[in-house]
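Please take these sequences and the hints and turn them into a complete structure.
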Amino acid sequence: MFVSGAWLQAVIMGPVLLALTRPGAAPVAVFVDRALGLFWRLSGLCLVLVAALVFIWASGRALFDLGALPPSGGSSVLPAGLSRSEAWWLETTMALFGLALSLSIPTLLRADGHVSLDVLWARFSLRTRRWVQRLGSLLLAVPVGWVLLVQGTRFAARAWRQLETSANFGIEYVFVIKTAVPLLGFLLLVTAALNLRNPSPRSGQG
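With my numbering, you'll find the sequence shown wraps up at 238, consecutive numbering, no jumps.
Hints listed in this document are in silico derivations from the structure and should not be mistaken for laboratory results.
Glycine residues also receive a C-beta, built at the ideal position from the N, C-alpha and C atoms.
Among the clues, some could well be false.
Claimed, not checked - Restraint-style ranges between C-beta atoms, simulated for each label pair:
hint : residue 1 : residue 2 : range
1    : L79       : S117      : 22 to 28 Å
2    : G46       : F156      : 30 to 36 Å
3    : W163      : R93       : 50 to 56 Å
4    : V48       : V80       : 30 to 36 Å
What follows is the structure, encoded as structure tokens:
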């Protein structure tokens, strides 16, 4: 089952990636770049939510010694159904952080915003920089993206079949969160294909 799924993904993704590397794919490249820009802003929103959740939870624990937020029962007017356990706050924070990474990594790869050896990079010519980016996309981004897509699809499909939830009474929709793994693989493959065709405009900047 897994092998047939991998071959099916190869049959589907192969022509798509080859089409993106062709010179006539400029309109598609523009669309993908705009989509990556949107994903970048969404990843920023996720990080803002992470900071807010950590602040609220840490404040409740440190200042009021609360084991669940918002507090319920006793003098609280909130019903118990609105209160969330410590596991929920922690798992929601981790899920949002993982989603932020999944949405931002392809954008950084496309915009050449990842970590590089600046001492060497500054000495490279424009032609050399573009070839380094192409080789990095081919030898690193494509294999990693393919593994994440194939293995992540299997991983997420199992979670969807079981409608997986947290074993620690945390977040309810774990199966939705796990979809970010094959999504990251797909975005990495698309970004790598675009970089093979036309490396990032920033690759020419010193």
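Each hint tested on the structure:
1. L79 - S117: 22 to 28 Å: At roughly 23 Å between Cβ atoms, S117 and L79 fall inside 22 to 28 Å, so the hint holds.
2. G46 - F156: 30 to 36 Å: holds, 31 Å
3. W163 - R93: 50 to 56 Å: holds, 52 Å
4. V48 - V80: 30 to 36 Å: holds, 33 Å
In the structure shown, no violation is registered for any of the earlier numbered hints.
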